[in-house]
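Participant: The primary structure of each chain is shown beneath.
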Amino acid sequence: MPVVAKTGNEAMAEAMRQINPDVVAAYPITPATEIVMIFAQFVADGLVDTEYVPVESEHSAISACVGAAAAGGRVMTGTSSQGLALMYEILPIASALRLPIVMSVVNRALSGPINIHCDHSDTMGGRDFGWIQLFSENAQEAYDNVLQAIRIAEDPQVELPAMATTDGFIISHGMEGVEVMEDQAVREYIGERKAKVSVLDVDNPVTLGALDLQDYYFEHKRQVAEAMKQAAPVIVKVGKEFGKKFGREYGLFEKYHLDDAEIAIVALGSTCGTAKVVIDELRSKGIKAGMLKIRVFRPFVAEEVVKALSKVPALAVLDRSDSYNAQGGPVFTEVRSALYDLANKPKIINYIYGLGGRDITVEDIHSVFADLQKVDKKAQVNYLGVRE
Amino acid sequence: MDNIIEIRWHGRGGQGAKTAALLFGDAALALGKHIQAFPEYGPERMGAPVASFNRLSDKPITLHCSIHNPSIVLVLDPTLMATVDVTAGLPDDGLLIVNTSLAAKEIRGQLKLKGKKVFAVDASKISIETIGRDIPNTPMLGALIKVSNLLRFEDVIGDLENKLKKKFAHKPEVIKGNLEAVKRAYQEVAGE
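Going down the list, the protein sequences come from chains U and H.
Number 1579 marks the last residue of the first sequence (this note's numbering); no jumps.
Number 219 marks the last residue of the second sequence (this note's numbering); no jumps.
Since the hints were made in silico from the structure, they are not lab data.
Cβ atoms here follow ideal geometry from the backbone N, Cα and C, with glycine treated the same way.
Treat the hints with caution; some may be incorrect.
Stated by the list, open to error - Residues on chain H that point at chain U, a partial pick, calculated with CB under 10 Å:
hint : residue
1    : His61
2    : Phe65
3    : Pro66
4    : Phe80
5    : Lys203
6    : Leu206
Claimed, not checked - Reference listing, derived: stretches of chain H covered by chain U, where coverage requires no fewer than 3 residues with Cβ under 8 Å from a Cβ of chain U:
hint : stretch
7    : 49 to 56
8    : 86 to 92
The shape of chain U in the complex, shown without the other chains:
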C-alpha cells in the first residue's frame, strides 16, 4: 500500500475509521482533540456506521463506553492528560467487567502546573487499572497499535480494555509517512467482536456491575490479574499475524543492537527513535551501545525483559514521568524489580526526563551513554535536562 503523509492523530483516526466501531463516546482535549474531531467528521460524512456520543466530560465518555461495551458493542474513545485522569474512576470498572474498550491516549503531562505538552504521567497514572498499555515510537506504530489493540482486547483469553498511546505533539501533531492498509484487509484482520454476554439480550438476562463484597470481589480481581498474564502471548500472536498480513511484525519489545551491548538504555515512545540515531553514532565509533524499546508496559513482561537484558553490564532506564516515590520512575522500578532474581545483576540507573514536553536531544542521550561508561559514579536516580 502507498505511504501517505499523516500526523499521529490522523493516523489513529484513520485506524478508527477502518475499524468502524459500533460506538464512540468522546470529549475533546489537547493534544488528542483531532482524533475525535476527525472521527466525528467521518461520522458526519457517513463514512462509518458508528453511533457517536458527544458527551459533556471524559468521565461520561468512558462511562458511556462501558455501557455500550456491556451491550456487546465494539467501542472506542480517545483522550489525553486531565481527560484520562478524569476517567480514572471508571477505568478499573471497564477491566473488572472485562469490557474490551480500545482507547487512543495521546501522552501529555498532568497539571499542575498547567501544561499541555508530552510526558507519560497520564498513562502511567492509569497503569494499575487492568488496562493493556501499548506505546508507539512514531505515527506508523500508532496506527498499527490501534488496530492490534482491538484484536488483543477482544481475544477470548484476554477480554480486557486496552490503551494505544502516542506522544503528545511530538507524534500526535508531527506529520510522517504512514502506510495505511486497505479497508477490506483491515476488516478481515480485526474480524467481528463476539461478546460472550450482552446486557441487552433479554432472552439471556445477565447482571453486570453488581455489588461484589467480601464474597466474590477478590475472585473477580484475581481473574483480571490472570487475564493480564494471558495477554502477553496473545499480544505476541496478534503482532505476528499482523506482520504476516501487513509486513510489519510486532513483539513485546524491540531490541536495538541489544544482544552484544555493553551499555544500554531502556525507553518507550518517541524518544526511542532519537536514541536509535545516538546508538548508530556510538556503534560507528566502536562503542557497543544498545536499547530495549518497551512496547507493552501492561502487562509488564518481566521474564522476557530479564532475558533480553541479562547480558548487558550497565543499564539506564529512561522515564518520561516521575512516581514521586523517592526511588525512581515507574519503568525503572519495574525493570529493577524484574532483575532481582538474576545472579549477575547489571548495574542499573534511572533518568527522569522530558517532563512537560522538555525536549530530549541527541546530546542528552549521548550524555546518558557517557554516564553508563562510569556507572559506579552515578546516583541511582538522575534528572536529565532539568535546571537545578
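Take the given structure of chain U and dock chain H to it, following the hints.
Facilitator: Coordinates of chain H only, in the frame set by chain U:
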C-alpha cells in the same frame, strides 16, 4: 545525521507557516523522500510568532527531537525579524529566504548578518496578484524549491496540481492562482 536536511519556517499565527511545512513535506513524500513536518508544539494565537519545521532525507528518519540547527530558514513575515532571532542556530553555509519587498542585500544589512546566504522574494505581492489575498506560504514553497534544489520543480508542480484539484474540486479558480503563485516565486526569488 548528515544526510538529513532540516528546515525552519517563521510566521505569525494564521499566516500558514504550519500549512507550508505540511505542504512541503507532503510534496517531498510524494517524490519519494522520507519526511517529517511539525509545528512548534503548543497553542497557536492569531498574529503571534510561530514556527514550523521539516526534515527531509533519502533514508527513514527516526529523530524525534526539536530542530535547533536548520540548514534553511524561511521567514513569512519580515516584521518578525525585529523581535525573533530568525537566524538562531543557522550555520554559516545556511540559507535564509525572506518574504520581503526589499532586496536580499538590504535584509543582510538589517540583520547585520555575516556569512550565510540570503534570498528575497516578494511573496505577499505575488499572492495578492495571483490568489487575491496576502497568504505568502504558497509562493514561499516555490522560492524554497528554487533555492534548496532538493526537489525537481516540475515534479512538485505536478503533485501540487493533483492535490489542489482534489481539495478545491468546487473552487477551480483557487487552483490556478496557487500554482501561478508557486511558479512566480520560483522565478522571482533572488539572492545577493
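Participant: With reference to the structure, classify each hint as holding or not holding.
Facilitator: Going down the list of hints, with the structure as the test:
1. The interface hint given for H/His61 is met, as the beta carbon of that residue sits about 6 Å from the closest beta carbon of chain U, less than 10 Å.
2. Checking H/Phe65 against chain U: minimum C-beta separation of about 4 Å stays under 10 Å; hint holds.
3. Because the beta carbon of H/Pro66 sits about 6 Å from the nearest beta carbon in chain U, less than 10 Å, this interface hint is met.
4. Given hint, H/Phe80 at the interface with chain U, holds; its Cβ is 9 Å from that chain's nearest Cβ, closer than 10 Å.
5. Here the hint on H/Lys203 is broken, as its CB sits about 24 Å from the closest CB of chain U, past 10 Å.
6. Interface restraint check for H/Leu206: the shortest CB-CB distance to chain U comes to about 20 Å, outside 10 Å, so the restraint is violated.
7. Three residues within the 8 Å Cβ limit are the bar, and the stretch 49 to 56 of chain H against chain U gives 4, so the coverage statement holds.
8. For the stretch 86 to 92 of chain H, the assignment as covered by chain U holds, since 5 residues bring a beta-carbon within under 8 Å of that chain's beta-carbons and 3 suffice.
Hint compliance for this structure: hints 5 and 6 are not met, and every other hint is.
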